[in-house]
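Novice: Could you put together the complete structure from these sequences and hints?
Protein sequences, first through last, are from chains A and B. Just so you know, we're using the numbering used here here: the first sequence kicks off at 106 and counts up by one. Just so you know, we're using the numbering used here here: the second sequence kicks off at 126 and counts up by one.
In case anyone wonders, no lab produced these hints; they're calculated from the structure. Predicted, not measured: the structure shown is a model, and the values here were computed from it. Glycine included, every Cβ here is placed at the ideal spot set by N, Cα and C. Be careful, since some hints might not be right.
Incomplete in silico selection of chain A near chain B, CB under 8 Å [claimed, not checked]: (1) 168; (2) 169; (3) 170; (4) 171; (5) 173; (6) 336; (7) 354; (8) 356; (9) 360; (10) 364; (11) 365; (12) 366; (13) 396.
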Amino acid sequence: MENKSINITTVMEKIMKGVFWGCAAISIVAVLFIGGFILFNALPFFSHTSLWSFLTGKNWIPSGEIFGIYPMLVASFFATLGAVVIGVVVGISTAIVITSILPPAISSVISKIVDLLAGIPSVIYGFFGLMVIVPIIKLTGAPSGGLSLLAVIIILSFMILPTIIRMTEVSLKAIPKEYKEGAYALGATRLQYIFKVQLRAAKSGIIAGVMLAIGRALGETMAVMLVAGNSPVVPNSILSSVRTVTANIAMEMSYAPAGPHQQALFATGLVLFIIIMAINIGMQLIVKRMERN
Amino acid sequence: MKKRLLLALGVILVTGSMATGCSSSTSSGASSTEQASVSNTTSSGTEKIIVVGSTTVAAPMEKLEEAYEQIANVDIEIQGVGSSAGIQAAANGTANIGMASREIKESEKELGLEEIVIAKDSIAIVVHPSNPVDDLTIEQVKDIYEGTITNWSEVGGENQPILVICREDGSGTRGAFEEIIGLEMDIEGVTVSSVVQTAVIQEGNGAVKATTAAQENGIGFVSLGYIDDTISAIKINGVEPTVETTLAGDYKISRPLLLVTSGDQGAAVDDFIEYILSDGQEIVAETYIPVN
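Specialist: In structure tokens, the structure reads:
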């Protein structure tokens, strides 16, 4: 490297190294810039409303400069929880069927269909929800005409299924053959092997998938906005109209006048950003700990 | 790990403060114009017109400004700060033209401003086509939106709960609707919207229309231009919402978009207003009902 004679290969190598470094830096800079931007726009808001009353306030009335996102936090929490419960049960079962039960020809077809599911744009999910799921829920006599937390949960669970299925499938397939042979040698049945050996061995991958799914469910906006009803009130049943944290930002950002209202939306974004960061970091810690054990 | 977190936080703070620097320079430009008194000519001899007031009127005015500055040698400056502030600015001379998206109040008539209606904005109350109710009073609409009337049977319809559909906070249509109907209440001395909190909120006229069309027991409101066969517009105090009834002043859920001036503001201002009322009406018509 210290050779001063001009060596084109060395120079090229250095240039390309710089280019790759630059490309890698772009995504880091993007995260920092977005984080800084949200933080900078949100911070002035906390001189208007304290963080505590912002997080626990039950009323969201921008016209009176009353900003409380508790109803949205509750809605996002239950929507995500509901979707993840359905997604985990259905998703892991599907992955097991694909990897260990069905013959390869059929399971590859199912696997491809799951990939298609992942490729559908979210607005299509929302439209499907509005046209199909909402009218079905409406038949139960829901007070808000089917636009409800339940509709959000159903749509979100569809949307996160591919993530859970794919991650589970990959980690189930990565399990060494010896495990299977060992389990069968010890007299385990097929189901015993799947539940007591395979799933446990694939634990960290599955949990990573679930965490990714939580992130997706929390962050989803368009599909949710179409079916949620968007009333900023704490839901009193699964059939209530709800507004999620993301929908709150998307609904009002276009018209919110500069000032406390706009800042409140940025502050909502900051809260969402922090929650999602926390989930990501938590996921990495959990996965790391599991891999170590 | 901790060190890295601290580092990340530091970087975020630095980017944040950099952003502060950037934006404060732009905002100082805006605030200095507020202080500027009306100066009719700049050094280059270009006439300067300051227009202040309603954000609703400011939106079409900005398009009008763009078009007019290409055909006339003027420098027009538009600030959306609200109707009341605009009327005051026109009266005390800090603006050449004030903008208002509501009728001039009795107390403001004393200011002796000249009012020019440049357009009308009209909001239709809509229900599902199968709903037998086709006429409501403004008071009934108010009670429905405040949640004191909750069943269609109370206003002559079937025994069905009413599903209230509303626009998002900050929407101009919602603001106008609340203002005209009087959907306002006091909470701890602040005037806030009194629309029932459980109302279904939809973003945009189109979404309100689609939701109303899908909900047999729903009621919503949209700009006049959005009415079609999928929803039916309700008569208010017996008057159907149309362009004609709005212009005649019979349909009550409507408001004028006003320009107000005080005394003689000079030829440049007169020409600009003349333009708005003639060729400019086409631009106004993109979103509102033109008057000419």
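Novice: Indicate, hint by hint, whether the structure satisfies it.
Specialist: Hint-by-hint comparison with the structure:
1. 168: 4 Å, holds
2. 169: Residue 169/A check passes; min Cβ-Cβ to chain B is 3 Å, inside 8 Å.
3. 170: Cβ of residue 170/A sits 7 Å from chain B, so the hint holds.
4. 171: 7 Å, holds
5. 173: 12 Å, violated
6. 336: With Cβ-Cβ at 5 Å, under 8 Å, it holds.
7. 354: Since chain B brings no Cβ nearer than about 11 Å to residue 354/A, farther than 8 Å, the hint is violated.
8. 356: At about 4 Å, which falls below the 8 Å cut-off, the nearest Cβ of chain B leaves the hint on residue 356/A intact, so it holds.
9. 360: 4 Å, holds
10. 364: 11 Å, violated
11. 365: With a minimum Cβ separation of about 12 Å from chain B (threshold 8 Å), the hint on residue 365/A is violated.
12. 366: 6 Å, holds
13. 396: 17 Å, violated
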